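S.K.: Residues per chain are reported as follows:
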Amino acid sequence: VTAEEKYVAAAYLVVFLFLLVYVVIMAAKLSRLGREVSELAALARKRRGSDGRVSETEREEVEVG
Amino acid sequence: LTTGLLGLATALVFFYAPVDEDGLNQKIFYFHVPIALTAYACFGFGALKAFLHLWKRGPRADLESYVAIHQGVIFGAMTLVTGSLWAKVRWTHWWVWGDQQLVLFLVLFLFYCAYFMLRFSVEPGPQRANLCAVYALFGVVLIPVSFLAIRLAQSYIHPTVFTSSGPQMAGSQFATFCVALAAMLSLAYFLYRFELASKRLDAELKELREHLA
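Top line first, the protein sequences correspond to chains Z and D. Numbering follows the numbering used here, with no gaps: position 31 of the first sequence is 31. Numbering follows the numbering used here, with no gaps: position 26 of the second sequence is 26.
What the hints contain is simulated information worked out from the structure, not anything from laboratory work. Hints may contain errors.
[To be verified] Label pairs and their computed distance ranges (CB to CB):
#	chain 1	residue 1	chain 2	residue 2	range
1	Z	Arg48	D	Val107	22 to 32 Å
2	D	Leu205	Z	Ala10	34 to 44 Å
3	D	Val145	Z	Tyr22	48 to 58 Å
4	Z	Tyr22	D	Leu205	33 to 43 Å
5	D	Leu24	Z	Ala42	27 to 37 Å
6	D	Pro167	Z	Val37	14 to 24 Å
7	D	Glu204	Z	Ile25	16 to 26 Å
8	Z	Arg45	D	Phe15	20 to 30 Å
9	Z	Val37	D	His93	46 to 56 Å
10	Z	Met26	D	Gly4	49 to 59 Å
11	D	Val19	Z	Glu39	27 to 37 Å
12	Z	Arg45	D	Val145	54 to 64 Å
13	D	Thr3	Z	Val1	50 to 60 Å
[Said to hold, decoys possible] In silico DSSO-like links for lysine-lysine, alpha-carbon gap of 27 Å or less:
#	chain 1	residue 1	chain 2	residue 2
14	D	Lys88	D	Lys199
15	Z	Lys29	D	Lys206
16	Z	Lys6	Z	Lys29
17	D	Lys88	Z	Lys29
18	D	Lys56	Z	Lys46
19	D	Lys206	D	Lys56
20	D	Lys88	Z	Lys6
Note that the coordinates shown come from a computational prediction; the quantities given were computed from them, not determined experimentally. Backbone N, C-alpha and C define an ideal beta-carbon position, used for all residues, glycine too.
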């Protein structure tokens, strides 16, 4: 392998390395966002559950028919 | 589409485009120049969005400008690294300070690197958006200067392929270059959309967290 071939290979590898690093960073970020969505969904479910109990106690009886 | 174009461009570079009198190192041209042009396009698009932010006060323009400039800096860094590798094999130097094209591109790159220092040193809000938009607009002036420097300079060592009489290369080389340019622009657009979507999702989640807290 000549020095020229090494530099050409290095130039193309650098481009793909940049892209790989970028994709890894974005994948890590998406993973964090996914965790945050799960946390917020759990928080929302918990809040809805507690709100639900309150509304059942406050429900008024009405005549039907 | 982006993956296909990148694969096609790589295949054309190594199996279709001929090796000219400059030797094998000329193969770097097919990625180096499209990456540099894509960096210019990203900076230009970022400046356009900055202008739209200042003009129409669109709620999304500030974030779009920021993401486009971020892409420009990534492509700018790739331009500098691939260019240095090409310079080492072609001119036996990693960097030539006497070449206006190189120095002006470095100035442009550093100018937009400083954009992030400005952005992250000011509290988020309308003031930050306005400051960043004005800064991004100032930077766009450097793009034509950087592009034209090589064509206006009296003495230079940077090769000029595109002149007023058209591209100075064979048809197969020009076709390969066009595919590589399309691949890089497509890649930049994909990364732009991807990053923009993640930034918007991040902002919406932050807002939701504040509402639920």
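S.K.: For every hint, state whether the structure bears it out.
M.R.: Structure-based check of all given hints:
1. Z:Arg48 x D:Val107: 22 to 32 Å: 56 Å, violated
2. D:Leu205 x Z:Ala10: 34 to 44 Å: 40 Å, holds
3. D:Val145 x Z:Tyr22: 48 to 58 Å: At 28 Å between Cβs, range violated.
4. Z:Tyr22 x D:Leu205: 33 to 43 Å: 21 Å Cβ-Cβ, so the 33 to 43 Å window is violated.
5. D:Leu24 x Z:Ala42: 27 to 37 Å: Given a distance of about 57 Å, which is not inside 27 to 37 Å, the answer is violated.
6. D:Pro167 x Z:Val37: 14 to 24 Å: Distance hint for Pro167 of chain D, Val37 of chain Z is violated at roughly 49 Å.
7. D:Glu204 x Z:Ile25: 16 to 26 Å: 20 Å, holds
8. Z:Arg45 x D:Phe15: 20 to 30 Å: 56 Å, violated
9. Z:Val37 x D:His93: 46 to 56 Å: 51 Å, holds
10. Z:Met26 x D:Gly4: 49 to 59 Å: Violated, at about 20 Å.
11. D:Val19 x Z:Glu39: 27 to 37 Å: 56 Å, violated
12. Z:Arg45 x D:Val145: 54 to 64 Å: Because 57 Å falls inside the window, the suggested range holds.
13. D:Thr3 x Z:Val1: 50 to 60 Å: Since Thr3 of chain D and Val1 of chain Z have Cβ atoms about 28 Å apart, the given range 50 to 60 Å is violated.
14. D:Lys88 x D:Lys199: Status violated; Cα separation ~38 Å.
15. Z:Lys29 x D:Lys206: The hint holds at about 14 Å.
16. Z:Lys6 x Z:Lys29: 34 Å, violated
17. D:Lys88 x Z:Lys29: Cα-Cα ~36 Å, so violated.
18. D:Lys56 x Z:Lys46: Since the Cα atoms of Lys56 of chain D and Lys46 of chain Z sit roughly 42 Å apart, the hinted pair is violated (cutoff 27 Å).
19. D:Lys206 x D:Lys56: 26 Å, holds
20. D:Lys88 x Z:Lys6: 11 Å, holds
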